[in-house]
Each structure stands twice: as structure tokens, then as C-alpha cells.
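Visitor: The lines below spell out each chain.
There are 2 protein chains.
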Amino acid sequence: MGELFQARTVWEARELLGEHIKADYPVEQVPLLEAMGRRLAQDLTALDAVPGFTRSTVDGFAVRARDTFGATESLPAYLDVTGEVLMGQDAAAIGEVGVGQAWRMPTGGMLPPGADAVVMVEYTEDLDELTIGVTRPVAPGENIVLAGEDIAAGAGVLSRGHLLRPQDLGLLGAVGVSSVPVLVPPKVGIISTGDELVETWEQPGPGQVRDINSYALYGQAVAAGAQPHIYGIVRDNFNLLLDRLKQALVECDMVLLSGGSSIGTRDVAARALDTLGSPGVLFHGISIKPGKPTVGAVVEGKPVIGLPGHPVSAMVVFDLLVTPLLRHGVYLDDPLEFPVRARLTRNMRSASGREDYLRVRLYQENGELVADPVLGKSGLISTMVRATGLARIASEKEGVEAGDYIEVKLF
Amino acid sequence: MGELFQARTVWEARELLGEHIKADYPVEQVPLLEAMGRRLAQDLTALDAVPGFTRSTVDGFAVRARDTFGATESLPAYLDVTGEVLMGQDAAAIGEVGVGQAWRMPTGGMLPPGADAVVMVEYTEDLDELTIGVTRPVAPGENIVLAGEDIAAGAGVLSRGHLLRPQDLGLLGAVGVSSVPVLVPPKVGIISTGDELVETWEQPGPGQVRDINSYALYGQAVAAGAQPHIYGIVRDNFNLLLDRLKQALVECDMVLLSGGSSIGTRDVAARALDTLGSPGVLFHGISIKPGKPTVGAVVEGKPVIGLPGHPVSAMVVFDLLVTPLLRHGVYLDDPLEFPVRARLTRNMRSASGREDYLRVRLYQENGELVADPVLGKSGLISTMVRATGLARIASEKEGVEAGDYIEVKLF
Chain A
52 MGELFQARTV WEARELLGEH IKADYPVEQV PLLEAMGRRL AQDLTALDAV
102 PGFTRSTVDG FAVRARDTFG ATESLPAYLD VTGEVLMGQD AAAIGEVGVG
152 QAWRMPTGGM LPPGADAVVM VEYTEDLDEL TIGVTRPVAP GENIVLAGED
202 IAAGAGVLSR GHLLRPQDLG LLGAVGVSSV PVLVPPKVGI ISTGDELVET
252 WEQPGPGQVR DINSYALYGQ AVAAGAQPHI YGIVRDNFNL LLDRLKQALV
302 ECDMVLLSGG SSIGTRDVAA RALDTLGSPG VLFHGISIKP GKPTVGAVVE
352 GKPVIGLPGH PVSAMVVFDL LVTPLLRHGV YLDDPLEFPV RARLTRNMRS
402 ASGREDYLRV RLYQENGELV ADPVLGKSGL ISTMVRATGL ARIASEKEGV
452 EAGDYIEVKL F
Chain B
52 MGELFQARTV WEARELLGEH IKADYPVEQV PLLEAMGRRL AQDLTALDAV
102 PGFTRSTVDG FAVRARDTFG ATESLPAYLD VTGEVLMGQD AAAIGEVGVG
152 QAWRMPTGGM LPPGADAVVM VEYTEDLDEL TIGVTRPVAP GENIVLAGED
202 IAAGAGVLSR GHLLRPQDLG LLGAVGVSSV PVLVPPKVGI ISTGDELVET
252 WEQPGPGQVR DINSYALYGQ AVAAGAQPHI YGIVRDNFNL LLDRLKQALV
302 ECDMVLLSGG SSIGTRDVAA RALDTLGSPG VLFHGISIKP GKPTVGAVVE
352 GKPVIGLPGH PVSAMVVFDL LVTPLLRHGV YLDDPLEFPV RARLTRNMRS
402 ASGREDYLRV RLYQENGELV ADPVLGKSGL ISTMVRATGL ARIASEKEGV
452 EAGDYIEVKL F
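Chains as they are written, first to last, in the numbering used here: chain A, 52 to 462; chain B, 52 to 462.
Calculated directly from the structure, the hints in this document are not laboratory data.
Just to be clear, a hint being listed does not mean it is correct.
Any copy, or any two copies together, can satisfy a pair, since identical chains are not distinguished.
What the hints assert, rightly or not - Derived pair list, reagent style SDA-like, types lysine to any residue, alpha-carbon separation capped at 20 Å:
(1) K460 to Y414
(2) K428 to G121
(3) K297 to G103
(4) K428 to G199
(5) K428 to T108
(6) K460 to F389
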């Protein structure tokens, strides 16, 4: 058996694919409101400072802090109210806060020249229309946000490849980016093979089943931010399969083939994958359960993955080998890939040298999360539907016991 | 101060809103491929069993299990190979596996009548073209999936309100649902108020800042599966605000107003919210930090939330009061709302009787997740951008110490 036929660990499989993949997607400009969930195509820099001026963070009075030093409730500092700043107003155009003076300030208003702090209204008393008593001192810089304290002018704000979240949209709005350069989402071709498959809208006869994988993988691709395209069901025939793979490879950035659970049909698929171009098939099999019969290929920089036929296996392999690529363009060491810790409800065996992935149902018990394995063969899609997450059992373990903590990724 | 002006806990605020909300969204039919992330509008039942026939889960030979009992490597059970099932073939149309007979089976093939188990090819030896030796016995039912074992005919498969995930699409494909009844996503109107605000595409003058909240809240609404609509910036004027609120309330299922950080503008907003209709404002203020100055109202069954003006506060309150409603239509007790446990890197003070929400940056250290607080005022959107999650500190705590575990929601 050649090196090609050694089962690889998930990390080895990622390295092999990663070495040969060229994920250079084209760039497009989209309006800020359509940029949610998209990947940034270039580093972005703030042209302006945010805020552009020093602002008050409270309702109160702009003062020279020194004028309040030593103020107490019994011995307030008396200041003359000589001005008022309104929201949105250019305070510098009105004048300056002089020694012994105070200006009324709204939260968010611009700090006038001369002032270096704001006294909260709660720590002042009105003596008359034009005089207040300050009952607690403020330090210079207190209750203000400095110009550029949120974002400095010229600062890098977001990097190329960053996946845009709601707060990133807010930030881009703040620095005046109303059209965003983003990467065109990768196109993913999805092919199902199998002589037993019929379409969802067909009535399966005896021996036939409806295609499940095309829909599940389509959903996973959408969730990962890609543009999936379904190429339908192909019979287990080398030439038909090769033709469909070639078409998908021309039209897409990545191609997924699923099906071929039997040895004979797996061989047909593997041969077709290896005929497509260079470097071709990089590995046959990964040392995980479920998901072992996975074939990984790269053709002219595009990944082509032969996923197992069983729906659970196909989805697990998609999560491990396809989702990271679609989301980041590369395989990163993501500390948040399995971010949830939960206590297992029962003993589960696992072979050493193989990573096991359990479908689990999570719930709270005695103030902590517990993970109850959803048992059942990997051909049963209903087990994935009953599960709320996927748990990983490291390959060095020979099993996990009830009460052990395991790492879970939520669906 | 009336009951209305008591700050509420998050849970009380949810209960008050929940009591008065009518979330009856219209139903539409969408093709299965467009149903990802949508909410199911009715309970769905499987018409057909999946699989519709008993299938082999391995490559091997369909047998009567009894014929293999006692077989060993040194004393194999000899069986006559009298047939072969091909993928997708109706095995019942070919004949029956008789006593002492075996039929070749591919993984996924239909089990022929007469047989009740499949022997894996690994545990057989070819004696000649028409005879095999079975070297290990199988039990009845071994290496097969029974008809209906994945999904029984007539079984309920998914419930009304269920948020469709990739595996659910696969399941619906399996049971022949190619058009899915889903709820129309709720329409969310977003209004920003403030005399200091300018649009993203405008150059702010002294005292002015660009609108941040409209974009951040829009992104959050998209992430929660809603259809947001931006109603732009409204000046701090009672009549202007009331008009815009009324328009949004007619056109949307929920209205969000953000801004008004100063006491004066907050009062204008609260008065406008209370003028819209019945029952009107239900609470002023929630006992959390950041996010306290939140006003909750319901008007004719539609929620209208006055969010704080500071971007961090507005986003936190959206996560707590708006996201659950958009996602589920009601406030559920969700054990997975803050599913990640991480160890805090430093001491953080917190007032008892108030829930604190910390922006945190998560990373792995010594094999576990640690959460490093991103410090900074709640007016700074950049602190949300640097954070990877939001941590909750329960209201009964007076602080958390470095090394304590905290609960985190990932962005």
C-alpha cells in the first residue's frame, strides 16, 4: 500500500490540501448594508478619527478640573455658568470655558476649549440661574472620550480576510466606509453519485432512496458563506462522473462529490478524481469515525473532495475539511472550533489512533452543560437532526467515561 | 417613582414584553434549497419511511443468519452464491435467499427476501465461483438498516417554529419535501436619533459623529434571520420622532429606536414611545451594565424597544432582548445562550443586583479557553470589534476574580 493509501489525521489532510490550494477569489464592492457575513478583500484604514472631537460621556458641566479640586458637599466649588453646548454643535465656535466657569453639557456633546473634564449633574447644585456648586472634584480627563479614542485617524481597523460581523459594520459606518471591498463567495459544486438515488420530488421504488447529501451539504455551504451549486445525481459510471466533475471544476472554486459507499463505486469515484488533473488525489481515507472513506484531491489549485456516502459521515467531513476553507480560505489553527465543554452522560468506546465524532444533544443539568450521545448508524440523517452539536474525542484516547468533559461544536 | 421606573432584570423585561407580543408572522412556501436558516411554519410529518426497504450497511453477502452460526476460521460455514443485488435494484423482484444460500450485496443495497443479515466480505473466503466460506457468524439484523429505521412513515419529523439547519434540509429531502412552508422573516425597523448624527457618506463637522448604531443593529438583525429596514437619522424632536415611529410601526413587525444618551433626548424618546398606542411603555431601565437606559414598549402586539445610544450598550441589549424574539418568536429559557465557559484573566468588579456584560477576547492557554476583558467605555465601537465574545456576570456576584470561570456567548 502506497503512502496515498495511509489514512491521514484530520490535521495531515488539512496540510496536504492546504499546500496545493490557491484560494484567490475575485473582489467586488458591496454597499455597507450588504457586507454582513462577507470577507473583507483588503486591509482597511480609518481616514478620520472617531470621534473627531473630545466628547462628554455624561450630562453635566464642562469645567477646568483644577477649579473643582477640594470641592465637598459641605464646601462646594462655586462656578459661573457662562455657556451651554447643544448636541451636534461646534463648541469651539461659541467660545472658551474660562477660569471659574462652567458650561452645560449633554452626553455626547463636544467639550469646549478651555475645559478638560465634565462634572456629572448629580454632583452639582443650582444656586441660581447663573451659578452652580460642585460637590465633588473631577480629575482632568474625567467623564470625556478623547478625539480619536475610539479609532485614531490613519489606524488600521480591519484586516483582509476578516469575516464581517455586526460590530464591524458599525465600525465601518463610523469611519465613512459606505461601499466595502469584499471577496466574492467561493462557488461550491455539489455532486451526488449512486445508482440507488432518486430526486426529492420523485417517489423511490424498492431499492431506491432520495438524495439526502445534496441538500445537507448545500445547507452547510450556505452556512459557511459560500455559493453552492447542485449538479444533481450521477450514476456510478466512470465517464458520466468524470464529465460532471470536469464541468463543475470549470464553473466552481471547489467541488464536492458524495456517495459511493460500496467498494466498487468508491473505486470509480477515486479513479475519476485522479483523472481530473494535477496534483490529483492526495490522500485516501482519514483516521476518523465517522468519515473514514474520504478522498482528498486538488486540481489546478481547486480542492475536490470525495465525501463518504453516509449522510452523517459526509456532514462531519464537511465540517472538518470544507467549512474552515470556505470561511477563511486557508486552514487556521482555530481555538474556537470546538468551543463548548460539556460533561458526557455515558461511557463511549473509541479506538486509539482514530478521532471519534459523536452526535450529542446538549442540555443543562445542575448548572452545567451535559452532552448526551445520539446513538445510531452514520447512515441515519435523523440522528443529526436530533443532535444539537458534534463532540470530538481525541485520537489518543481509547474511550471516554460518563462524567468526562468533552469538546463540542454547536450546530 | 412608579413601578414603570424600577429597573427590571433581563428576565423580568422579557416576561413583560412576552406577555403582550403577538408574533404571528405570515407563511410562505419556499423551495427546499432556499429554506436554510428559515423557521418552519408547521409541524411536518414523513409520508414515506426512510429507507423504504431494509438495506445493507456493508459490502458482503446477504444470508440467513442461522446458516452462519458456529462458523469459525478453521471451520467455515459453506454457502452457495445464488444471486447478486445491484445498487438501486428491487431485490424482491429477483427471488429469495434460500437455506444455505448467499447473495452478493453492495453497501446500501436492498436486502433480498429470505435473508435477515449481511456477512461482511472481510469475513468470507471464495472457495470457487459459486461457493463462499463464512469465517465468523452474524446475528439476525446484523449489518443492516431496517425499513423505517431512519424515519418511520407517519412520524413527526420537525416542529413548527424549528430553525432549519443543514441536516434538516437533508431530512426534508429524504422524505420528499421539495417545497417548505416557512414563516416570513420578521421585519425590523431601525431608527437612530440624535442631533449630533450624520450619515456614513457625510463628513462630520466639529461636534458631529457618523451613525454607528443603524449599521451594527442592521447586522445583528440579519444575523438573527430578520429583514431589517433602516429608517435613517431623526433629530431629537418629539413630532419628527413620533411620525417616523408611526410609519415604521405600520410597515414592520418590530421597531428599534436607538440614541438619546442625554437625559433630555431620552425623555423625548420615552414620551414618543408612550404615545404610540396600547399598552405602551412597560419598563424604563434594565439592571444591567452596559445597557441600563433601555425602554421597553409593546404597541398593538408589536415590540418597540428604545435602545441606549452607546453602540456597545445598544448591541448588548439587542442580543438580550431582540435576538431571542427574532429567532424564536418568543422568549425561551435557552440553556445554550451563553454556552462557552472560559477562565477570566483578571479581577473585575461588579455591583450586586446588576448583571454585568463584559466584552472578552478568547484564546487557548494550557489547554483551556481564557477570556481577556476588552476594557473601554461603552461608547467605543472598537472595543466590540476587538472582542470575540460577550461574557455574563450573574447579578448576585459582586465581582469575579482572575481564574474564575465565566459564561460566554461567541460573536
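Visitor: Each hint: holds or not?
Guide: Taking the hints in turn, this is what the structure says about them:
no., hint, in the structure
1, K460 to Y414, "both (14 Å within a copy, 16 Å between copies)"
2, K428 to G121, "neither (76 Å within a copy, 26 Å between copies)"
3, K297 to G103, "neither (55 Å within a copy, 33 Å between copies)"
4, K428 to G199, "between (58 Å within a copy, 13 Å between copies)"
5, K428 to T108, "between (59 Å within a copy, 9 Å between copies)"
6, K460 to F389, "both (4 Å within a copy, 13 Å between copies)"
In terms of the numbered hints stated before, the structure departs from hints 2 and 3, listed from lowest to highest.
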